[in-house]
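Quick mapping for you: the protein sequence lines, in order, are chains A and B.
Position 46 of the first sequence, counting from 1, maps to 46 under our numbering, and the rest follow consecutively.
Position 152 of the second sequence, counting from 1, maps to 152 under our numbering, and the rest follow consecutively.
Hints are supplied without guarantee of correctness; some may be wrong.
One-sided and incomplete, this derived list gives chain B residues near chain A with beta-carbon spacing under 7 Å [stated by the list, open to error]: (1) V106; (2) P173; (3) F174; (4) P177; (5) P181; (6) F222; (7) T223.
A short list of chain B residues far from chain A (calculated; beta carbon distances all over 10 Å) [stated by the list, open to error]: (8) V149; (9) L172; (10) V195.
Just a sample of chain B residues kept apart from chain A, beta carbon distances all over 12 Å, derived [what the hints assert, rightly or not]: (11) R21; (12) A43; (13) A157; (14) A171.
It is worth saying that the hints were derived from the structure and are not from the lab.
Beta carbons are placed, not taken as given, at the ideal position from N, Cα and C, and that holds for glycine.
Okay, here's what each chain looks like letter by letter:
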Amino acid sequence: MKATPLSIAAAIAVVAAYVRAIFFTPLEAIQGPAQKILYIHAPAAWVAFLAFGLVALTSALYLWLREDRLDRIAEASAEVGVVFTTVVLITGPLWGKPVWGTYWTWDARLTLTLFLWFVYVAYMVLRGAIEDRSMRARYSAVVGILGALLIPFIHLSVYLFRTLHPQPILMKPGAPSLPSEMLVTLLLAFASFTLLYVALLRVRYRYAVERDDARPAEAYVA
Amino acid sequence: MGELVRDAWLIARKDIAIEFRTRSAFLSAVVFALLGIVICFFAWDTTAVAAVDLAPGVLWVIFTFSGLLGLHRSFGLEQVDRAIDGLLAAPVARESIFLGKALANVAFVIGVQIVAIPAVALFYNLPIGRVILPLASIALLAAIGLVSVGTLFSAMAVNTRLAELLLPMLALPFFVPIVIPAAQATAKLMSGRPVGETIAWLKLLLAFDIVFIVACTLAYPFTLEE
Numbered sequence: 001m002k003a004t005p006l007s008i009a010a011a012i013a014v015v016a017a018y019v020r021a022i023f024f025t026p027l028e029a030i031q032g033p034a035q036k037i038l039y040i041h042a043p044a045a046w047v048a049f050l051a052f053g054l055v056a057l058t059s060a061l062y063l064w065l066r067e068d069r070l071d072r073i074a075e076a077s078a079e080v081g082v083v084f085t086t087v088v089l090i091t092g093p094l095w096g097k098p099v100w101g102t103y104w105t106w107d108a109r110l111t112l113t114l115f116l117w118f119v120y121v122a123y124m125v126l127r128g129a130i131e132d133r134s135m136r137a138r139y140s141a142v143v144g145i146l147g148a149l150l151i152p153f154i155h156l157s158v159y160l161f162r163t164l165h166p167q168p169i170l171m172k173p174g175a176p177s178l179p180s181e182m183l184v185t186l187l188l189a190f191a192s193f194t195l196l197y198v199a200l201l202r203v204r205y206r207y208a209v210e211r212d213d214a215r216p217a218e219a220y221v222a
Numbered sequence: 001m002g003e004l005v006r007d008a009w010l011i012a013r014k015d016i017a018i019e020f021r022t023r024s025a026f027l028s029a030v031v032f033a034l035l036g037i038v039i040c041f042f043a044w045d046t047t048a049v050a051a052v053d054l055a056p057g058v059l060w061v062i063f064t065f066s067g068l069l070g071l072h073r074s075f076g077l078e079q080v081d082r083a084i085d086g087l088l089a090a091p092v093a094r095e096s097i098f099l100g101k102a103l104a105n106v107a108f109v110i111g112v113q114i115v116a117i118p119a120v121a122l123f124y125n126l127p128i129g130r131v132i133l134p135l136a137s138i139a140l141l142a143a144i145g146l147v148s149v150g151t152l153f154s155a156m157a158v159n160t161r162l163a164e165l166l167l168p169m170l171a172l173p174f175f176v177p178i179v180i181p182a183a184q185a186t187a188k189l190m191s192g193r194p195v196g197e198t199i200a201w202l203k204l205l206l207a208f209d210i211v212f213i214v215a216c217t218l219a220y221p222f223t224l225e226e
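When you get a sec, could you build the whole thing from the sequences and use the hints?
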């Protein structure tokens, strides 16, 4: 696969953000080096939500307009979103262990992220399990929309669950008012991750186009 | 609207009649539920954890999984001799087909509950007589939510290569916002708390039911061939 100018730019931006995060951003007084994971974790979470938001949007538009491009964007975005959600789910516990004292807690936000991962992994499995292209597009669009509808319900139920059963947490993950140096680094990380998302989305989209061109729709009809 | 409901009722009656004559899925779901309760009883020591704390979780976990058995059958039934084509060719709205299937599934799931809830009460030695009405309303609300999403996913899963493997994968994440409120509300009731304390959970269940019945009924026609 050929590297596009966009993906090269995204890679450079991500590297730049981390050089700044590691060498030129001060250590957090209490959490120490562990806090630096924020510069991966938070941007990855943002991109994951962006990606799944785009899946829901393009799914709804697909059912309306029946444009193959929309289905391919949804397919690409879901896959990239799952990758970023995996990053969130790996970096979160790594930070949680030194700071909270535990890798995992059934906090509302953690649980929600885990279930998002489940929903969109199922979405990808569903896509893989259907040969017929039009059926695959319609089915996955329906799941893409229902997945978005599910999010507030999971959030609400796990939130109620947690407030009824408070768990001991050493430190709360409240939003600290960051010093400007850290804030700039974080914003840079956000921007570079967003760029990386767009780059990966385009690469994945092109793959879908090439795959569909190589095997025209008629070949699927049994 | 009247026609929609009438047609849905016809389709539901068809499915219930098939189930009533064969009884294969219902019996296996009931036996599965009972076996599940027994296994859970031995998996968790009731002398260490009070039965009243275990039972709600056991009830709702068993219930979810036995529900899946019935849901898979719902559209699996129509695969034989492509019976679904006949159903689609019938002069009824596609929304009616979905609602009819869902109605039959609700009947199926409630049937399993009628056996499973007393069985849990019996095996775990719980007094449910006092709370039977609120418990039944939780069960009904949960059944409707479970079936609305489950029926749609069943319709999709039968047409895929993975079929029965895909249904739990798709459906279980959607069952979480049903199982949590249902189990929590059941736990409140069984430990003798006033019904008022379960209202927040019941509202959540009701909201889930409304949103997903509407969404799934509207989505179903999109899953069919044009």
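Would the least Cβ to Cβ distance between L172 (chain B) and chain A come out above 10 Å? 8 Å, violated
Grab the minimum C-beta distance from F222 (chain B) to chain A and call the hint holds if it beats 7 Å, violated otherwise. Hint holds; F222 (chain B) Cβ to chain A Cβ min 5 Å, cut 7 Å.
A157 (chain B) and chain A, when compared Cβ to Cβ, separated by more than 12 Å: At about 8 Å from chain A, A157 (chain B) fails to clear the 12 Å cut-off, so the statement is violated.
V149 (chain B) non-interfacial with respect to chain A [C-beta, more than 10 Å]: 7 Å, violated
Non-interface label on A43 (chain B), tested against every C-beta of chain A at 12 Å: Given a closest Cβ separation of 20 Å, the condition holds.
Just to be careful: measuring from the Cβ of F174 (chain B) to every Cβ in chain A, is the smallest value less than 7 Å? 6 Å, holds
T223 (chain B) as chain A interface residue, shortest Cβ-Cβ below 7 Å: Because about 6 Å separates T223 (chain B) from the closest Cβ in chain A, which is inside the 7 Å limit, the hint holds.
Does V195 (chain B) really sit off the interface, with its C-beta more than 10 Å from all C-beta atoms of chain A? Holds, since 16 Å exceeds 10 Å.
Tell me if P177 (chain B) is really an interface residue toward chain A, meaning its C-beta lies closer than 7 Å to one of theirs. OK, holds: P177 (chain B) within 7 Å of chain A, min 4 Å.
How about V106 (chain B): closest beta carbon in chain A under 7 Å, or not? 19 Å, violated
Beyond 12 Å from every chain A Cβ: check whether that's true for R21 (chain B). 32 Å, holds
Residue hint P173 (chain B), partner chain A, criterion CB-CB below 7 Å: 5 Å, holds
The structure fails to meet hints 1, 8, 9, 13 and 14 from the earlier list, while all remaining hints are met.
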